[in-house]
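Go ahead and model the full structure; you've got the sequences and the hints to work with.
Protein chains: 2
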Amino acid sequence: MHIVSTVKDMRQVIREVKVENNTLGFVPTMGYLHEGHLSLIKRAKLENDIVIVSIFVNPTQFGANEDYDIYPKDFKRDKQLAETAGADYVFYPTVEEMYPTGYKTSVDVSEITDRLCGASRPGHFKGVTTIVNKLFNIVEPNRAYFGLKDAQQVAVIQQMVKDLFMNVEVIPCSIVRESDGLAMSSRNVYLTQQDRSAALILSKSLMKAKKIINEGERDLKIIRNTIIESISKEAPVSVEYIEIIQFPSLEKIDILEGKVLIALAAKVGRVRLIDNVILEVQK
Amino acid sequence: MHIVSTVKDMRQVIREVKVENNTLGFVPTMGYLHEGHLSLIKRAKLENDIVIVSIFVNPTQFGANEDYDIYPKDFKRDKQLAETAGADYVFYPTVEEMYPTGYKTSVDVSEITDRLCGASRPGHFKGVTTIVNKLFNIVEPNRAYFGLKDAQQVAVIQQMVKDLFMNVEVIPCSIVRESDGLAMSSRNVYLTQQDRSAALILSKSLMKAKKIINEGERDLKIIRNTIIESISKEAPVSVEYIEIIQFPSLEKIDILEGKVLIALAAKVGRVRLIDNVILEVQK
Chain A
263 MHIVSTVKDM RQVIREVKVE NNTLGFVPTM GYLHEGHLSL IKRAKLENDI
313 VIVSIFVNPT QFGANEDYDI YPKDFKRDKQ LAETAGADYV FYPTVEEMYP
363 TGYKTSVDVS EITDRLCGAS RPGHFKGVTT IVNKLFNIVE PNRAYFGLKD
413 AQQVAVIQQM VKDLFMNVEV IPCSIVRESD GLAMSSRNVY LTQQDRSAAL
463 ILSKSLMKAK KIINEGERDL KIIRNTIIES ISKEAPVSVE YIEIIQFPSL
513 EKIDILEGKV LIALAAKVGR VRLIDNVILE VQK
Chain B
263 MHIVSTVKDM RQVIREVKVE NNTLGFVPTM GYLHEGHLSL IKRAKLENDI
313 VIVSIFVNPT QFGANEDYDI YPKDFKRDKQ LAETAGADYV FYPTVEEMYP
363 TGYKTSVDVS EITDRLCGAS RPGHFKGVTT IVNKLFNIVE PNRAYFGLKD
413 AQQVAVIQQM VKDLFMNVEV IPCSIVRESD GLAMSSRNVY LTQQDRSAAL
463 ILSKSLMKAK KIINEGERDL KIIRNTIIES ISKEAPVSVE YIEIIQFPSL
513 EKIDILEGKV LIALAAKVGR VRLIDNVILE VQK
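Protein chains in written order, with our numbering: chain A, 263 to 545; chain B, 263 to 545.
Since the hints were derived computationally from the structure, they do not count as laboratory data. What you were told as hints is all true, and nothing was included just to trick you.
Pairs involving identical chains hold if they fit within one copy or between any two copies, as the list cannot separate such chains.
Here are the simulated lysine to aspartate or glutamate pairs, EDC-like style, with alpha carbons at most 20 Å apart: (1) Lys366 - Asp376; (2) Lys424 - Asp271; (3) Lys388 - Asp370; (4) Lys388 - Glu373; (5) Lys424 - Asp370.
Given below as structure tokens:
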């Protein structure tokens, strides 16, 4: 496995890879890899000749009071994990490489970025679409793999790719969970032991909602309240949002039907976590 | 020469062209081709194996009170001119093809889009960068050719390409002028005979400015006033802006030195025209 740190070198690799007509799978990450990321790399390796993983903590998608400065990093460990999972190249640029002095261009998706995480993290998705656009242009992948833990991110990137006619297939991949149900996240490392335990209520409440829908419940208020009541039992957990919406359009729904996303964000102690479940609902 | 009207068909053409390792030159236009456009097509043909010309009057770069609805069109004539100049394909999509229902994504370059034409045409360059980004993603050209009559547009697109790491070389091409000096423009067709004559003062005043600079004048106020006084003699001409700035940074200058752009916009009768001159100035 090779480490590439400049755009110029990455382009050279891509040129060589493409000459031989290899297909190229791409897994953009912010590093501190966990089983969720590794599942993306493994799938990319199954479906493509060459796999490129990027590790870049993107400053423009963090708000002023967020955790950019303390975002967990362990490049040595990431390198080993990526290689074992099947990565051929790791793209590991500096901030200056991705945002050279005097940069002025941004890519923005409107409307569907205003809600859910976008409501409490203004500018977050603009940062995400801008960096993903840059990375796609550098790597020119055939397929790019994203975890569905951030379902809104998947929807936003799919919208950008469609609208700008980018020549890449975005492949959403299932959430990977710890054995007790907690969705894998690089931020889980921030949790105290007590909060780690309380955080379980997030996945549990979503599974409960899924269960009552599968049993026939169609009243949005009842479903929402079931989640809220379930979470309210855990003192360290404060809900930021719970949304039941269409996926991937992220449109509000009145009647539960079709592909439905139940997404939530909550603070567990001082750590902001997200989780969701997507289900196919018959009317 | 082939006419292609859908993104899907265009992609298919590109795939075929690329398999044979042909280089691809691209000339994006809004149609109603004149000698300026044809010079771009001819140059593209000289420097590439295959030339694609797009003809698309982009609605998102027109303001509410501008001339989108009456923008001149003559596809039959354009087709013949493009073919004679050396185009292999004309990409001629509908508005619905380029902006399908529900599109939400835009590409924006900040700061350098606020001045010159950007000041009086808010949103104009956002429309330009968004459509050019789409077109670049569809056509995947090696080189793209733009006329320097809209020098700001060239600077903005170069900035976008650099910032987003787009894999295309932007090639600025000299302004083509009528024998009497008027810069070629599709909008010249709007001019009455009287206004056509008055419009000559734009290029004349720029040439005058160039002359006095070449003769040693370095005082920005004097140069600017020379242009203003020259233009003020023509009653139907009202100046929108005259700017003397660095190119391609479009930064304000205190001292005339290096690559300098003198750009102006004016209404001639009811027609808005732009013109400029770029010169290399020794201190």
